[in-house]
Amino acid sequence: MSALKIFTEPLQVINIGIEGFAADLKAAGVEVIQLDWRPPTGGDARLTALLASLQDED
Amino acid sequence: MPIRTEILPSFYQDSVVLMRIASQVRTRPGIREAAAFMGTPSNHGLLEQIGLATPESKAARPNDLILTVDAESDEAAAAALTAAKELLAQRRQATESAEEVRPRTLESALRMLPNANLAAISVPGAYAKFEAMKAIKRGLHVFLFSDNVPLQDEIELKAEAVKRGVLCMGPDCGTAYLNGIGVGFTNVVPRGRIGCVAAAGTGLQAVVSRIASLGEGISHGIGVGGRDLSAEVGGAMALFALEALADDPSTEAIVIISKPPHATVLPRLEAVIAKIRKPVVACVLGAKAPAGSAAVWVDTLDAAADAVVAVLAKRTPARRTFSNPSEIRARLARLQAGGPVASQMLGLYTGGTLAHEAHLLLDSLLGRDAGHTILDLGDDQYTVGRPHPMIDPQSRTDMILKAGRESVGVLLVDLVLGQGSHPDPAAPLAAAIRQASDMAAAAGRRLVAVGSVVGTAGDPQELRGQVAQLEGAQIELLPSNAEAARFAALLVKPELAETLLEVSR
Numbered sequence: 001m002s003a004l005k006i007f008t009e010p011l012q013v014i015n016i017g018i019e020g021f022a023a024d025l026k027a028a029g030v031e032v033i034q035l036d037w038r039p040p041t042g043g044d045a046r047l048t049a050l051l052a053s054l055q056d057e058d
Numbered sequence: 059m060p061i062r063t064e065i066l067p068s069f070y071q072d073s074v075v076l077m078r079i080a081s082q083v084r085t086r087p088g089i090r091e092a093a094a095f096m097g098t099p100s101n102h103g104l105l106e107q108i109g110l111a112t113p114e115s116k117a118a119r120p121n122d123l124i125l126t127v128d129a130e131s132d133e134a135a136a137a138a139l140t141a142a143k144e145l146l147a148q149r150r151q152a153t154e155s156a157e158e159v160r161p162r163t164l165e166s167a168l169r170m171l172p173n174a175n176l177a178a179i180s181v182p183g184a185y186a187k188f189e190a191m192k193a194i195k196r197g198l199h200v201f202l203f204s205d206n207v208p209l210q211d212e213i214e215l216k217a218e219a220v221k222r223g224v225l226c227m228g229p230d231c232g233t234a235y236l237n238g239i240g241v242g243f244t245n246v247v248p249r250g251r252i253g254c255v256a257a258a259g260t261g262l263q264a265v266v267s268r269i270a271s272l273g274e275g276i277s278h279g280i281g282v283g284g285r286d287l288s289a290e291v292g293g294a295m296a297l298f299a300l301e302a303l304a305d306d307p308s309t310e311a312i313v314i315i316s317k318p319p320h321a322t323v324l325p326r327l328e329a330v331i332a333k334i335r336k337p338v339v340a341c342v343l344g345a346k347a348p349a350g351s352a353a354v355w356v357d358t359l360d361a362a363a364d365a366v367v368a369v370l371a372k373r374t375p376a377r378r379t380f381s382n383p384s385e386i387r388a389r390l391a392r393l394q395a396g397g398p399v400a401s402q403m404l405g406l407y408t409g410g411t412l413a414h415e416a417h418l419l420l421d422s423l424l425g426r427d428a429g430h431t432i433l434d435l436g437d438d439q440y441t442v443g444r445p446h447p448m449i450d451p452q453s454r455t456d457m458i459l460k461a462g463r464e465s466v467g468v469l470l471v472d473l474v475l476g477q478g479s480h481p482d483p484a485a486p487l488a489a490a491i492r493q494a495s496d497m498a499a500a501a502g503r504r505l506v507a508v509g510s511v512v513g514t515a516g517d518p519q520e521l522r523g524q525v526a527q528l529e530g531a532q533i534e535l536l537p538s539n540a541e542a543a544r545f546a547a548l549l550v551k552p553e554l555a556e557t558l559l560e561v562s563r
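Protein chains in written order, with this note's numbering: chain A, 1 to 58; chain B, 59 to 563.
Everything labelled a hint here was simulated from the structure, so no lab data went into it. For every residue, glycine included, the Cβ atom is placed at its ideal position computed from N, Cα and C. All clues given are correct.
Keeping only pairs whose Cα atoms sit at most 27 Å apart, straight-line, the calculated BS3-like set for lysine-lysine is:
1) 5(A) to 333(B)
2) 336(B) to 5(A)
3) 336(B) to 346(B)
4) 143(B) to 116(B)
5) 5(A) to 195(B)
6) 26(A) to 195(B)
7) 551(B) to 460(B)
8) 336(B) to 372(B)
9) 346(B) to 551(B)
10) 372(B) to 346(B)
11) 221(B) to 336(B)
12) 26(A) to 5(A)
13) 317(B) to 333(B)
14) 333(B) to 372(B)
15) 5(A) to 221(B)
Among the chain B residues that face chain A by a calculated CB cut under 10 Å, a handful are:
16) 74
17) 121
18) 188
19) 223
The following block holds chain A by itself, in its conformation from the complex (with noise of 0.2 Å):
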């Protein structure tokens, strides 16, 4: 395999989730885009495992 172009590139994140990841990520200088992340589908689970499976089809 070629190497990874992410071992060569400036970092640039999106965080989905945690924020305090994206606040230490910007401290050191990384682009970060804080997503403001919901559950999906209202938070049903079974609805979401669907949609995921959905998107296996792509």
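Based on the hints, put chain B in the right spot on chain A.
Showing chain B alone in chain A's frame:
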């Protein structure tokens, strides 16, 4: 003793925020227990487990926030719930007044940051695959901190990641380094030429911190999660990460840190290592080196760091039980002059890999039933609804004080510094140990505390100040966790000195 619940509909907050608020509420007068959870199925289970489930809480949906308190009076309960809501309102106001725009979806985040190359995901485990798969399919590498991710989800995520040539670090990955930058719970280390592959937690933190103290640095540290080397996952990400580091020009040597791989995975791991044209050090806690391995095998975390630094300097790695045996002899003599130490030993750890390493060393030195108990306080059973002990020291403080009241002779501890950890973890640890030692002394017993610190000079907590606080509380500090465990063993079994101090292995 009323248990009171309040539901805030459609009020999502991340678990770290909620655990902090619960911790603050718990310290209020008249409050025995407090919890703040989103109403996910797993959280309903946790509320049942800690006895705080109520008819109101059971009706909450995953997007609803449950505040619940066990109080001595209705007045205390009402005041605590009001305080919790005020804390949440303050937080929401602070977030909303911040100028940054927060997109709701990965797609809109990617429009704002089109060159994003990593998704850091720490949502509840049931939703982790949904979010991580989206990121992987868009070519993003993934740092997956979430725990409780179903095994089948992990298998599918890693298969997709390998297919698309991206990293899926985790689930349950606490620590990673990419291009020298730490993600998650990380110590501040220089960018350097050593690459690591680890389950990713305190094992990786201990190795990179020691590498930094030896004057080397880290290129990348790839966490793969604790189940990667199982038969089911088959080492999918460890093998991928090893190959990636093998092809990375900035990585000159590689360290693997893990528990023993499944018998079906070890040959695949060995086959990949055999093809790597760089030195590889394998620290597989609890396993012996397979015959003919191309890697340098070591059995402790400190030895892993020492070996990789030695190999890069073209030196043969020295295998030592203590870095300064004569100083250890002097310290032992000083402690033994104070009288015998009771043989009951209690290890109270915040780092899971550190606890595991101590356990293995003590079992081999003392025998399995020698009266030592090593607890990983970050384990699920001790963290129900509470922050990890690296963030909130309360659970360990309580257990140290209990040890002071009981007949424990040697207390073995770790202290893990770095991003994400408590801002001043030495203060509560030193205070608890002082108090426990005083209680033991008042009862005519002796409690000796032994420990080690995982940290670097660059960490936000200031390593030297943390060490000074622990030394001020008479904690016997050793340069590594392995040395601390061996020193603790020497205290309860002085005859081990013949093997541990006289003979180099």
